[in-house]
Structure formats: C-alpha cells, structure tokens
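Protein chains: 2
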Amino acid sequence: MVQKEMLRSSGNRLSIGEYLIERLKDYGIRHVFGIPGDYVLDFYDMLYKSRIKVVGTAKEDGAGFAADAYARINGIGACCVTYCVGGLNLVNSIAGAYAEKAPVVVISGSPALHKRVNDPMLHHKVRSFSTQKEIFDQITAASVVLDDEQIAFQKIDDALAVCWKSKRPVYIELPSDMVSVKPQYPYINKSTEEKSNGLALKEALKDAVSMLNMAKKPAILADVELHRYELGNELIKLMDKTGIPVAVTILGKSVISEMRSGYIGVYEGGMGRPEVQKYIESSDCLLMLGTFLTDVNLGFSFKLDRSHTIEATSEKIQIRYHNYQDILFPDFVKGLVKSKIKKRNAKLPDMPAKKKLSTKTSNVPINAGRFFLRLNDLLEDNMVVICDIGLSLFGAIDLIMHKNTEFIAPAYYTSMGYSVPASLGVSLANSELRTVVLVGDGAFQMTGMELTSIARQGLSPVIIVLNNKGYATERYIKEGEYNDIQDWRYDKIPEVIGKGWGCEVRTETEFVKAWSVACSNTESFSIINIHLDPYDNCPALKRLGKKLKTGKRP
Amino acid sequence: MVQKEMLRSSGNRLSIGEYLIERLKDYGIRHVFGIPGDYVLDFYDMLYKSRIKVVGTAKEDGAGFAADAYARINGIGACCVTYCVGGLNLVNSIAGAYAEKAPVVVISGSPALHKRVNDPMLHHKVRSFSTQKEIFDQITAASVVLDDEQIAFQKIDDALAVCWKSKRPVYIELPSDMVSVKPQYPYINKSTEEKSNGLALKEALKDAVSMLNMAKKPAILADVELHRYELGNELIKLMDKTGIPVAVTILGKSVISEMRSGYIGVYEGGMGRPEVQKYIESSDCLLMLGTFLTDVNLGFSFKLDRSHTIEATSEKIQIRYHNYQDILFPDFVKGLVKSKIKKRNAKLPDMPAKKKLSTKTSNVPINAGRFFLRLNDLLEDNMVVICDIGLSLFGAIDLIMHKNTEFIAPAYYTSMGYSVPASLGVSLANSELRTVVLVGDGAFQMTGMELTSIARQGLSPVIIVLNNKGYATERYIKEGEYNDIQDWRYDKIPEVIGKGWGCEVRTETEFVKAWSVACSNTESFSIINIHLDPYDNCPALKRLGKKLKTGKRP
Chain F
11 MVQKEMLRSS GNRLSIGEYL IERLKDYGIR HVFGIPGDYV LDFYDMLYKS
61 RIKVVGTAKE DGAGFAADAY ARINGIGACC VTYCVGGLNL VNSIAGAYAE
111 KAPVVVISGS PALHKRVNDP MLHHKVRSFS TQKEIFDQIT AASVVLDDEQ
161 IAFQKIDDAL AVCWKSKRPV YIELPSDMVS VKPQYPYINK STEEKSNGLA
211 LKEALKDAVS MLNMAKKPAI LADVELHRYE LGNELIKLMD KTGIPVAVTI
261 LGKSVISEMR SGYIGVYEGG MGRPEVQKYI ESSDCLLMLG TFLTDVNLGF
311 SFKLDRSHTI EATSEKIQIR YHNYQDILFP DFVKGLVKSK IKKRNAKLPD
361 MPAKKKLSTK TSNVPINAGR FFLRLNDLLE DNMVVICDIG LSLFGAIDLI
411 MHKNTEFIAP AYYTSMGYSV PASLGVSLAN SELRTVVLVG DGAFQMTGME
461 LTSIARQGLS PVIIVLNNKG YATERYIKEG EYNDIQDWRY DKIPEVIGKG
511 WGCEVRTETE FVKAWSVACS NTESFSIINI HLDPYDNCPA LKRLGKKLKT
561 GKRP
Chain L
11 MVQKEMLRSS GNRLSIGEYL IERLKDYGIR HVFGIPGDYV LDFYDMLYKS
61 RIKVVGTAKE DGAGFAADAY ARINGIGACC VTYCVGGLNL VNSIAGAYAE
111 KAPVVVISGS PALHKRVNDP MLHHKVRSFS TQKEIFDQIT AASVVLDDEQ
161 IAFQKIDDAL AVCWKSKRPV YIELPSDMVS VKPQYPYINK STEEKSNGLA
211 LKEALKDAVS MLNMAKKPAI LADVELHRYE LGNELIKLMD KTGIPVAVTI
261 LGKSVISEMR SGYIGVYEGG MGRPEVQKYI ESSDCLLMLG TFLTDVNLGF
311 SFKLDRSHTI EATSEKIQIR YHNYQDILFP DFVKGLVKSK IKKRNAKLPD
361 MPAKKKLSTK TSNVPINAGR FFLRLNDLLE DNMVVICDIG LSLFGAIDLI
411 MHKNTEFIAP AYYTSMGYSV PASLGVSLAN SELRTVVLVG DGAFQMTGME
461 LTSIARQGLS PVIIVLNNKG YATERYIKEG EYNDIQDWRY DKIPEVIGKG
511 WGCEVRTETE FVKAWSVACS NTESFSIINI HLDPYDNCPA LKRLGKKLKT
561 GKRP
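Residue numbers (the working numbering), protein chains in the order written: chain F, 11 to 564; chain L, 11 to 564.
It is worth saying that the hints were derived from the structure and are not from the lab. Incorrect hints may have been included.
It does not matter which identical chain is meant; a pair holds if it fits inside one copy or across any two.
[Said to hold, decoys possible] For lysine-lysine, the following DSS-like pairs were computed, each having C-alpha atoms within a straight-line distance of at most 27 Å: (1) Lys-192 / Lys-488; (2) Lys-35 / Lys-488; (3) Lys-502 / Lys-479; (4) Lys-251 / Lys-357; (5) Lys-288 / Lys-125.
Let the sequences and hints guide you as you build the complete structure.
Now the structure itself:
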C-alpha cells in the first residue's frame, strides 16, 4: 500500500500542499473527512480538486470518528479542519483514536505566518498560536507544523511514517500561506525502515516456543493489534498449525471469523461467557497477541499471572517477567507461525449453537435479550456491526461475526457517540460492506445527526437505536433523574434531514419486519427506533452493573 | 456576590465534594451544566441533591457553551463532566471561554487514585492519567487536581479566585475516591485580596486625564471587559459627566443601551457604519476600555496609532507607548469617573433612526437585509439576542439593543454552534429575559439538537435559523461544493424532540406572522426556518468577503 519511494524525485516539483496530498494517496487514503474554514480553505480546495474525495460532516468530531473507523477498515484515515474552532472539536475523537490505536492523520489549517508578527489577536486564536499544537501533542504520536519549506517535506514523511508504524494519530498543521510554497532545493527523503534485531528475535521465539511446548493447556488471546497490523491470516495459520484454541477480547472481536473451528469466543472476565473465562484464566501458557490489557477487556476483574503469559504487542515482547527489545510485532507473530510448535488436539468449550430462530415472532414487547438473539440470526455475511457504548456494546459480545463480518467498537476508550459518524467512515472505506449500527438513545443524541453527512453521500447504513430512555448503564451504578433524557422520535429524523427511512418498533414481530425493509433499502439510511424498558438489560451489563455498584467505584 | 469568608470556620467539617459545592454557591452559581459518567457519578449525585440545579445537555460541548453564556449573564458559570470522553468534548467551548474571557468552572471526575497503581489501562484513559489536565492547562487560567485532602480546600479556593479575577475558565479535577474525603486538620483560607498600587494609580489617572483634556476630539471605545467586571454603569457616568462619545466593538455590543444619548454605534473598521469608523479612527485621543484588539473587532483593517490611545484592560494600562503595572482595571475606570475631565459637547454622527416599519409587509421572498430591519423593529425591551457566526453575527451589527437588552456573540473566537446551547445558559441565568437566537444552518447542524436540553427545562427561546443552504460566508472567499450542506426541515425538529413549535418562512409577511406566534409561545421553544438565497447576504458580510477574497488570506 505504501509507496515510499515514489516521490523521491518528483517531490521537489510540488508545493507543500500538493506533496501532502500525494503522500496521503500513497498510503491509500481515498477519502478525507472534515469541514472547511477560512484558515484551511486553500488547502481544502486543493484537496477537493485532487483525486481524494472530501467528505463533509456536520461537526468536526464526526469527521474524527469517521476517520477513525475508516482507518480501522482501510488501514489509515485522515481528516482536515480549520484552526482551533475546528481542530479543538476533534480532541475527543482523536484521543479515542490514540487510546485504541487507530491511525488517523489530522490536518489543520492555521493563520498565515506573515500575519503573526507582534502576536495579533486573529480570530480563533486561544492563548498563543501554538495552543492547538500543544493540545494535540498530548493525543498524537507526532505533531508537526509546516512552517519552513526546507523541512516541511521531511516533516510530512516523518509524521506519516509514525502514523503508519505506531497505528496512532498524528497532527499536521499547515499555515494558510504555506500551502502553495515550493522548496528552494530538491527534497530527498532520508528516512530508513526499522528492522527487528535478528538475534533478539531468534532468542525470543525460542523462549516462547519452549514455553508453549511445555504447557499442558496453552491458549491464545487475540486482540486488536493483529487487526491493525493485518495479521489476521497469520493468526489463522497459527491456529491451524498448532491447534491452540483462540479467544478474542471485545476490542479484538472479529479479527478472525467467529465461526472458525478452534475459536472459543469473546473473553471478557466475568462479563463474557463463563466457559471462555474458565478456559483462559486456567491456561498455563496464555499467548496474548496484540493485546490491550484494559479494564473492559479484562471484564473489570481478571488479575493476570505473568508467570504463565507470553505477551507480544507493537510496544513490547514480554515472556513471563522478562522483556525483549528491538523486535517488531509482525516479525514475532510471523516467526511463531514458522516455528516448530507442538500440534494439539484441545478439548474446546462448546460455542453457542448458531441455530435458526423460529420464524414465528412474538407480539409481546421486545427486550434486549431477544433483540440480540434475533439480530444474531439475521446478520448476513457482508455486514459490519458498529457498536456504541452501553447496552449496544455489552449486548453485542455474544453476536457471532460471520466470515467476512467486521465488528467495530470503541471498547476501551468508550466514548459515546462514536457509532453513527463511524458508519460514514466504514461505508466509504469498503462499499461492499453493509453497515449496521447499534446505538443507545443517549449516544445517538450526541452525534446521531451526522446522518445528514451519510445522506449527502447517498449511503445506506441500518441504524438501530436501542431506545431505553436514558443512560441505562448508569442506572445500575447510581439512579437519578440525571440519567433520563428526552424520548426522541428517532424514526422521524428522515423528515428533518429530507432523506432516509425510519420506523418505530415495540415487538419482535415489528423488528423482523423493519429489519427486512431496512435491508432492502439501499437508497438511503434506515433508522429503527426500538422502544426498550429503561431497566431492561443484557446479562453482561447486569453483571457489570452489579460489580460497579457493589465493588469500589471505578 | 462572593462570600469568601463564610466557610473559613465551617470548611473543616465538609468533605471535598461538599466544600466545592458550597463555594460554587458562594460565587452565585445556581445551575451547573453537564452529563454524568461513572468517574464523576458520586459528585454528580451530590450536586444533584444540593441546592444547585444540575442541567443535563445532549453533549458536553453544549454544556460548555451553556456555562459560558450563563457566565456572561450571571457573572460566573460551571459545568461538570466525566473524565476524557466527557472533558475532552469540552475543549473547544472552554477554549472559546478562555479567548473571550467568560469565567467558567470546569469540574471533571477522574479515576480513583487507589486504582491507579502500576498505571493500569482504565477505560477513558488516553496516554497517562494526567492527559486531560495537561490539555486544560492550555485553555484555562488555572488547573488543579484534588488529589490530596490537606491542600484540596486551598486549591478549590485558589482556582475559583483565579476564575473570578481573570474572568477566564479554570479546571478542577476530582478523582472519584476523593469526593467524600474530609480533611484531617481544620482548613484555613490563607489567600489575600489583590489591590492596586495607589501611587501608580494616581499617576496613571493624572496622565490619562491630562491627555483627554488636551485632546480636540476624544472618543471612547468600550469593549467586553466593562461587562465582565460589571462596569457598565461607570461607563454611563463617564459619558454623562464628560460628554465624550462612545462606540462599542461587536464583542462589547450592549455593554450599555444603544439608545442612550452619546452612543454612536458599533465600531468595526470597514465593516461597521462608515460614520462610526470615521469618528473613531480620526479621534486624537481614543480611550479604549476593556478592549480586545481582535481582527474581527477592528474590522480586519484598522491599524491603531498608539500615540493617540489610552488602553485600559484587566491585563494592562497603556498610555501612548508606556505601561503602568499593579493597577486593577476597575480601580482605573472608577478613578476616571471621579477625575476632573473636561465636559464636551461633541457633534455626534447620526444614529440610524429607529423608525417603525410599515405594518404592510411584503409577499416577495425575504432577504437578509429586510430580515434584520424587520427584526430591529420587532425586538422588545426584555429580549436578549444571541448570535452565531456568519450572517447571523455580521448582520446583527446594526441591530439596536434596547434598554435592558443583552447581545451575546462569540465575536472573537467565532466558534460555530455557540448560540443554541448558549440560549440554554442565558434563559436559566435570567428567567426574565426572553431569548432570541440567530443561527445559520451550518452552525445549527453542529449543536442545534441541544434544543432537547431546552425542551427538558421547559424554556421558550425563539430560534431563528437563517437558512442559506451552506457555509455562506465562505462562498465569498472560495466557492466549492464543500460549502453546501443538506437542507434540513428545521421546523420539523419539534416532531423529533416531542416538544416545541416550528414553521417555515419564505416572505416578510410570513416572518412577521411567525414571530408573533413564537413570541406568544411561552410553553416551549419556537423554531423559525427562514429560507434565504445561498448568495443573499448583509452589507457588512459582503464587504468582509470582498476583503478576504482580494486581500491576503487571513
């Protein structure tokens, strides 16, 4: 995907803005999300006239979430905004991309350098001209200001390389009078590729293989970095070759098909299925690949015993209590696949049977439990499920992702409002995927009106609003009037936006009918407003609520 | 308003959370805007059970804008959110409050200190536990973490004092396990009041008075700090006593009634009325009180000649090219009022006559020019006008604010989406004011659904959407498809939210009718969707657009 060499010779004939656009294309970026503003308008217009498609959102945080989700499917994403009033609206979504390793390139315009003499109060300025950069320093892996044409080209290359390697967002600030500037001297990219230390890699692999082969009950816990570094197929090879069973975390869900033999389900401490919990926590050699050891991933409970773990991530390789440096994560995973690991024939816990539900559906009020069972039954091969926070996320633990299905959720940073704008990014990243969004009413009220951007692009995601009239997860921790919100007619939003199809659902029968209409609507988004009882909930969330209520507050 | 002494003796009997609430009340805070989340839930519940009213918003940025506008009317405002996924959604609105000096107290929950051992990946964490504080360091005048019960009380007092004095936002972070902690030893507030240096003040006043008395054509440019420090009445005394004419900036508009004799209008360089521009720019002694010398305030053009200016703000007193230290802004203004300044009888430029428009209204399509004329005619004494960015702001320059009318606009930071959530804050800050919001369609799509929070509070602002189908201000700088947005039926939003009244308007006749219905609707918000031509515009904006297009890009 990355054609690093391509522009070594031609870079010197392009302006800074043009070069940035070329490099975005090299990395496979075909869409940039954002909103124009005066300080970024020249670059925005340049982008608009390039082969990259500019995708407008209603608000900048929507652009951030869309770019994050786009990156999760496409490998990398980008957004482009104006100075401060634009960029500072991105902070939460880019912080989420940082926390969950979604590689997003943030491009922001800023006031012309020649206008900054004597520090004037130009509109959108907060404290100093560097305020925005200093904020992005906290939530990106690299941040650069293209304020010098002799080093701007190298800065662009370096920032994009960091984004690609670390899978974390980077910040590129382009003052408005630098967009069309060309360098005085030809630019030559001087960066070099990082490589693993071969001897360290060899020793670490030997160490790991010996531990795996000595174990009685090895298991693999697969997480999101396998997806980010495109190592899903390597994991499949490793499973097939060794017979070691694989569980995933909720953040890593769908890194491989959940219908594959050897796959035992989502591990999430006491929140996941008990048989998966038991298998993973009793393993005497747990190989954790690309794991985020977050409280959510561990179900707010599991204490790892490092004497029994091998942990490989992009940040470190740790075996029991010792660490290896200078080893690239993909090299370690590929090395494992090629190593001599004993073939096992493990007795696996049963997966819940994927059985067809009765076509007779019930006319009693729908509840969360039945909804997820029914949805599981209806999901098709080409569907991607995007979950927002709360019931949407925890209920979805037990959805079974098909062969090509993707599952996307901000399961660590857990920012409400992710899902609707994310569906814009996903639908554009891969137009063959049919996007299904599960979103609570509280989260929808935060960013759901980004449906307007989806409407403008003529996309057709299916939006399911799990309308339980408030912040239901919180009701289990502490109940108060502050958990109630206004009960919107989400199904009437198409009338406001002027596009889309919506309906209300109160029973399972109505849901099945609505789903069928929504799936056949490929002209516009569909929105299904499912009325749930405010205290109805899925089993995982009930367990979590109890834990949070009775234990110490997180 | 501030009862600093009150809690000196009782402070030691309260927990950290309780003390914070007491101090907020001392400063006159009666409402706190926000959204609960698990890390802040205990404090949120404590706040909810206190005499302070907790006001929920759909998203945190709405809470930030509401608190900012509340502060502009009430003197100080506050919002309360959860860690990172909440707080980082506030960054843009609090940056705006910093830029325009709106004193807002930001309270954020954060993970319990006892859970942070070994730096675990707790949900909502970005890079480190201090990421959020480091971001708020950039956009607040003080930021504190209440992580030690022996100094927490002093930190609360210090932060609130900074907020009150600097009129800028402050950040108070409260880890979830510190809310109910009481101090081991009694707390004694050790802070002291700042005072002006009497000799410096005397010299500066003498210097200023002498310059004013020597001048042939003195003038006063009044700006927003007069409002923030509640010095409007002092300005009136100064006008009455000296006869020196007063203009205001767009940010300072309505610091005094615009129908007062001696008032000549809004100064905004080439964007304001030419006679005001001429008067101010030709003054041989311009007394600038509480001014923000921003590009917008100066109409993107005026170059000040400091040989003819006296500038007094909370940050400095500058006369010609020399500065005075250690003088408090209010002391200087009050000192001027008491000084012997020559009484003038200046020949003032004419104010546009405030004449009644014909009651016969026209059935031709409404345009921006006629809309503002008509609105000017219809505005009543108890109304407050809140303007969003673009046509809404620039068109409103020539609205004439009545006796009690307030005018609120983020006229320097110019963040779109300010107005609708701001109306929530204004309506609660002073229930006797009737709130009128002027908002473009682009800005409305960013935050307009905060109408849901307005509906929950049973408030009745009149929302006027100047629907020109896109980012119209930008069309004058650079036109492209990216300036178009979806044409919503804003008037149908009441059907989604389940409250409110809306209608569409295409002619002046329809507007007058709609206005009358909206004004008599005191049960709920009203929303008027005014269809304007995408290229229709007000004269000020046309001039600005031309300037931005032909001059160097800002």
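*Numbers of unmet hints, in rising order*: none
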